[in-house]
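Counting along the sequence shown from 1, when you hit position 56 you're at 56 in the working numbering, and nothing is skipped either side.
If you are wondering where the hints come from, they were derived from the structure by calculation, not from laboratory data. One or more of the hints may lead you astray.
[To be verified] In the DSSO-like style, the derived pairs of lysine-lysine whose C-alpha atoms are separated by at most 27 Å in a straight line are:
1. K223 x K146
2. K130 x K146
3. K96 x K130
4. K223 x K96
5. K146 x K129
6. K96 x K58
7. K129 x K96
8. K16 x K26
9. K146 x K96
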Amino acid sequence: MRWSDFADAVALFVTKQDQINKLLNKNYPTVAESIGDMKVLGANTLVEASSNLFRRSKEGVISERFLTLETLVSTLLAFEATDLRDIVYAVLSLAKDTPYPNTKTALASPMLEHTAPEEPDIRIVPNYKKSLMGVCADFIDYCVAKSECLDFICRHWAPVRHIIPPFHMVDTKLEMPTWVTSIEGSAFGRPEAALQGRRGGDSLVGVLSRQNQRKYSASGDLKPSIRIVKSSITPVTSPNSQLEKDNAGYET
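Sequences and hints are given; from them, build the entire structure.
Put into structure tokens, the structure is as follows:
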């Protein structure tokens with residue numbers, strides 16, 4: 001199946017979900033209940049993201065990237081990663097504010113050379129010696145510095161499971177700081193729970209891709225001033241201790 005056909009099918013299904021549910025309710029009520037909100041599932045998220053990520057030339061070459069790293073991580077909640085640090089690292093090459101464009105695309109597009117920073121920011125450079133908490137802390141520090149606001153600490157995005165290579169999956173007992181908010185607190189919770197329906201309200205700070213609709217600006221033009229420091233707290237030994245052995249906790 002061509003991607004365009006798949007994207008059209010997903011868009012049509014989402015658009016007509018109400019009518020589809022009415023038909024299913026007549027003959028298969030339990031099936032209709034199990035479908036949930038298709039807008040939050042991975043297929044629709046992928047189609048929407050692929051449509052809004054880039055501007056392409058007539059030749060199909062990517063000439064501009066539209067979304068920031070913060071926006072990508074905040075909106076691609078329907079997807080998981082084997083290594084949870086890749087929740088951030090896997091989308092670096094898609095963001096407009098990172099120096100990690102696809103090499104062929106960058107060579108073919110002079111515009112990308114000017115929109116992306118020349119030097120990588122050490123806070124988001126892929127480093128698998130860094131703990132999950134360290135990656136999250138540095139990522140938040142980066143987002144606050146780039147956006148010049150604290151909205152991101154109100155968004156529920158942080159992964160909650162460790163998948164330890166090669167085959168073992170365990171729920172992490174690591175307690176994140178309160179300013180690293182878990183995806184479990186998002187409107188639909190974990191990706192695998194999306195079909196169960198809405199669990200909570202939308203973020204109070206609005207949708208990142210619609211910053212012209214920002215709901216609050218209590219501090220006016222005052223810029224945030226934060227400092228994230230590594231504390232001396234030693235984490236409790238857990239099944240994830242090998243992955244978290246260099247983690248000593250973070251505070252702000």
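Outcome of the hint check:
1. Restraint check: the Cα-Cα separation between K223 and K146 comes to about 11 Å, which is no more than 27 Å; the hinted pair holds.
2. With a CA separation close to 22 Å, the supplied pair K130 and K146 stays within the 27 Å bound.
3. Restraint check for K96 and K130: the C-alpha separation of about 24 Å stays at or below 27 Å, so the hint holds.
4. As the CA atoms of K223 and K96 are separated by approximately 22 Å, the hinted pair is consistent with the 27 Å bound.
5. Distance hint between K146 and K129 is fulfilled; the C-alpha atoms sit about 24 Å from each other, no more than 27 Å.
6. Note on K96 and K58: the hinted pairing holds, with a Cα-Cα distance of about 20 Å set against a maximum of 27 Å.
7. Simply put, K129 and K96 have alpha-carbon atoms about 26 Å apart, close enough for the 27 Å limit, and the pair holds.
8. Taken as a hint, the K16 and K26 pair is honoured in the structure, with Cα atoms around 16 Å apart against an allowance of 27 Å.
9. With a C-alpha separation of about 12 Å, the suggested pair K146 and K96 falls inside the 27 Å cut-off, and the hint holds.
The structure shown violates none of the earlier numbered hints.
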